[in-house]
Amino acid sequence: MEKPKSVTATQLTMSIGTSIIGVGILAFPRITVEYVRTGAPMAAICAMLLMMCGGIVVAYLGNQYRERTIFEYADELVGQWIGRLLLVCIGAYFLELAALASREFGEVVVTSVLQRTPIEVTVFVMVLMATVACRSDIIVFARILTFYMPFVYFPALVIVVLSLKSAQSANLMPLLGMFYGQQVKSVFMSIMVVAALFTNYIIVGLIIPFMYQPTRAMRGTIVGIGIAGSLYIILMFSTLSVFGIEEMDNLLWPTMELAKTAALPTFYIERLDPIFIAVWVTAVFSAIFAAYYVAIQALSHVFRLKNHRGLSILALPIIMLLAKLPPNIVSLYHVIKQVGVSGLCLTLGYPLLLLIAHVIKTARVKSSI
Amino acid sequence: MSLFGRLKYRKPYVPVHKRQRIEQAQNRTPSARLHDSEFVGNLHHDLGIFEDILGGNADLLIRRFQIQIHKRKIHCGLVYMDGSSSKEELNQILRALMLDIDISTHTKNSLEEIVVDQCLPYVDVDMKYSVMEAANWLLSGNSLLFLDGVVKCIGLSTQAFKERSVTQPETEQVIQGSREGFIESIGTNISLMRKRMRTSNMHVELTQIGEQTATNVVYCYVEGIANEDLVREVRGRLERVETDALYGAGYLEQFIEDNHYSPFPQIQNTERPDKAVAAMLEGRVVILVDGTPFALIVPAVFSQFYQTTEDYDTRFLMASMIRGIRLVALIFSLIFPSLYVSLISFNPEMIPTKFAVAVAGGRAGVPFPAIAEIFGLELIMEILREATIRLPQQIGGALSIVGVLVIGQAAVQAGFVSPITVVIVALTTIGSFATPAYNAAIALRMLRFPLMILAGMFGLYGVMVGLILIANHLNSLESFGVPYLSPVVPGDRYGLRDTIVRMPVWSMKRRPKQLRTNNPQRVRTGEDTKGPKGRPLSETTGVRRSRGGSARETQKD
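Just so you know, the protein sequences line up as chains A and B, in that order.
Number 267 in full-length UniProt numbering belongs to position 267 of the first sequence; there are no gaps in the numbering.
Number 422 in full-length UniProt numbering belongs to position 422 of the second sequence; there are no gaps in the numbering.
Hint data in this document are derived by calculation from the structure and do not stem from the laboratory.
Take these hints with a grain of salt, some might be off.
[Said to hold, decoys possible] Estimated spans, in silico, between C-beta atoms of each pair:
#, chain 1, residue 1, chain 2, residue 2, range
1, A, Ile356, B, Phe449, 49 to 59 Å
2, B, Ile325, A, Glu246, 41 to 51 Å
3, B, Pro348, A, Glu246, 49 to 59 Å
4, B, Gln176, A, Phe154, 47 to 57 Å
5, A, Glu246, B, Val357, 45 to 55 Å
6, B, Gln254, A, Ile356, 37 to 47 Å
7, B, Arg235, A, Ser342, 50 to 60 Å
8, A, Val161, B, Ile331, 21 to 31 Å
None of the values given here were measured: they were computed from a predicted structure.
The beta carbon of each residue, even a glycine, is placed where N, CA and C say it ideally should be.
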């Protein structure tokens, strides 16, 4: 079936930029600093570059198969059964990702704003929103993600600007010898932890067949990942410069603490952090939505469904169950770290595998000519 | 897949015995009997058809008379509807036939040709061959002339329905700009648009909708600008309307809109011919319905509902500022009460301390939680608003003063609500009145109630959840294949010049991109033409690139 063309390259860029920024934005400075101390900004840069490579692979493959999504042409490249097996893994991984993100944000909300609300309620609200939104098709999916871009980036940048006054450059030192004296394993882990935040970049493979100009997808993908990466790097720098590595270890969500230090003294509003929490609901929603949507699309392709709508409701109880599994916030972050890093092999490995298959296939075609 | 979506209608199932009964009843109706009859050429018989079937109607009149052509006496009959036809014109017709008739030259033409070509000094004369056709003509207020021995009748356009004169539009008043508004008569409305657009490209197509009312519906577009797919889609949707009666434009709107369950209007209506013409030149289709002083404009996007024609009549800086104020008012009317509830009940630490003390002091004697208080007051405000609409103008003004001032003041003094709540409710209501489009304003005004409930449950988080749900809905909405939030999403940098701000008129050289017009450029720019400040115009319109893989060749970035 021919796919309607309605997504522009700008929309692709903005969608990627929005989907990558999720609830991980709150905790990632702490986790990275735990591994590499002041090397954390460098780890974020490396992670961004790593994921850009992944993005380039997906965009390149998308350009080779312009009428099909990444899940559809995988069947041709690696065979139907291996394709299905991989898709089940990807579907399960992204469902887990969506579940963990909603659980994490549920914890954030319950801890900071709604202390008396049971966590199940806040998680359920997030998941329900994503479920309803997942009933839309890919064009609407791209539109929704595009729409939220300013709501995701603007508050974060405002926080950074407002908190600059308490920043100390000494906290960043040593700036140049970033990974100096760190173990290779912890450097690797820190990069992986940040890179795991980027896994939603796989939506490129879904959106490309709906684009006016797939040729511009490559640039759009790189810029999109670059924008999201820059935000992570900026936030890394500003949290580090405001709190320093010693204090960072004690802060559960350094980015939220950053919002608390930001204040407009003479204005209508005295504290800004509740507003940031509220506006970040969009960021969290869009990330959960993207992960959920990828999972639904993958699973509906496994079962060769014509319409993915019904599946989104079927997945709702599964996500709720997955979100309830970690007993407390400590084990939640443990699970997030493990799932994130192991899932990275999947989200980076899947396009890589397809690329290899594609190269072999084209080489064979060429040699046969 | 077609560019513009399709609608599905399903016919209801009717059991066989019921269907038979319905068919029997249908066969006895005058229109079915008219359908079965035929003209035979005998005056007595032909007039008898109308006498028998429609003769029971008090306003059907038949005038029998004789005329003389070539020394031949011919019996004639004039059938007309009393009141709907102009008596003066009928008198003139009779005068022309009975007195002024003078056929000196002998021709071989048949009788009816002689009468039509040489005796009737009228513009609009039409032969009617079938009874059904003749009856429709008659029931539209026209008259029929029967000649003995002729197996057809002559339709004379003597229609004279009463119509009011063209007056100022009531709902879309402007300070500068035209004072003409549409009226109920479709012919006048078309002429009002023609008056403003003297291009042969303006195309007006007529259909009739409604089995019983057979209401005239006209859709107009500019050929060479409007996308053919869009026109085809409009035509298709109009054809698929199945109803016995069409009472007005709002009635038709509900048949052809995309999402029937959305609170947001997906079709714009306007009372102003200049607005309709401007919409047509953007590449939209305008639908007129006989009997309604409103034109429907499709497709409609969200930004159209806070724009007014006046925005384009004033200088761009002022227009942009006024539009900005209107947008702020729009957002006020949606989220102000819920924001208040969440700040008071969930995040009082955000309010500056002095003000928080004042708020707490005002709320000291109030027994209800903030959500109950504001919900009740907003509800009362909606009731007051609805009540004042139905009242005559003189009483309405008095009632609104009583409602707002006296009830508000008394409620505060009675300790029923806090003063700040009254302020918030007043701001919300005023904000909702600043939105120019009534149907869009009412959508946002109604949506603030669920938002208030969410705010009462979850505070700011709840407000945000509500807003996300609304935004998701808006993003998924389409009007005749055009995304509802365009040109914001999907972005169009030329369209953005006329969305939140309004850039100078001379800089808006392109039609809205989302409409996929056949002629995206408003002005054809020559090489030697200079724009304002001496720049070549081609510079101001940017680089023209053709989109590879786009739906049509002519679509330019």
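Consistency of the hints with the structure:
1. A:Ile356 with B:Phe449: 49 to 59 Å: Holds - the Cβ-Cβ distance for Ile356 of chain A and Phe449 of chain B, about 56 Å, lies within 49 to 59 Å.
2. B:Ile325 with A:Glu246: 41 to 51 Å: Once the Cβ atoms are compared, 50 Å apart, the range 41 to 51 Å for Glu246 of chain A and Ile325 of chain B holds.
3. B:Pro348 with A:Glu246: 49 to 59 Å: violated, 34 Å
4. B:Gln176 with A:Phe154: 47 to 57 Å: violated, 36 Å
5. A:Glu246 with B:Val357: 45 to 55 Å: Hint violated: Cβ distance 39 Å, outside 45 to 55 Å.
6. B:Gln254 with A:Ile356: 37 to 47 Å: At 56 Å between Cβs, range violated.
7. B:Arg235 with A:Ser342: 50 to 60 Å: Given about 56 Å between the Cβ atoms, the range holds.
8. A:Val161 with B:Ile331: 21 to 31 Å: holds, 24 Å
In this structure, the hints that do not hold are numbers 3, 4, 5 and 6, in rising order.
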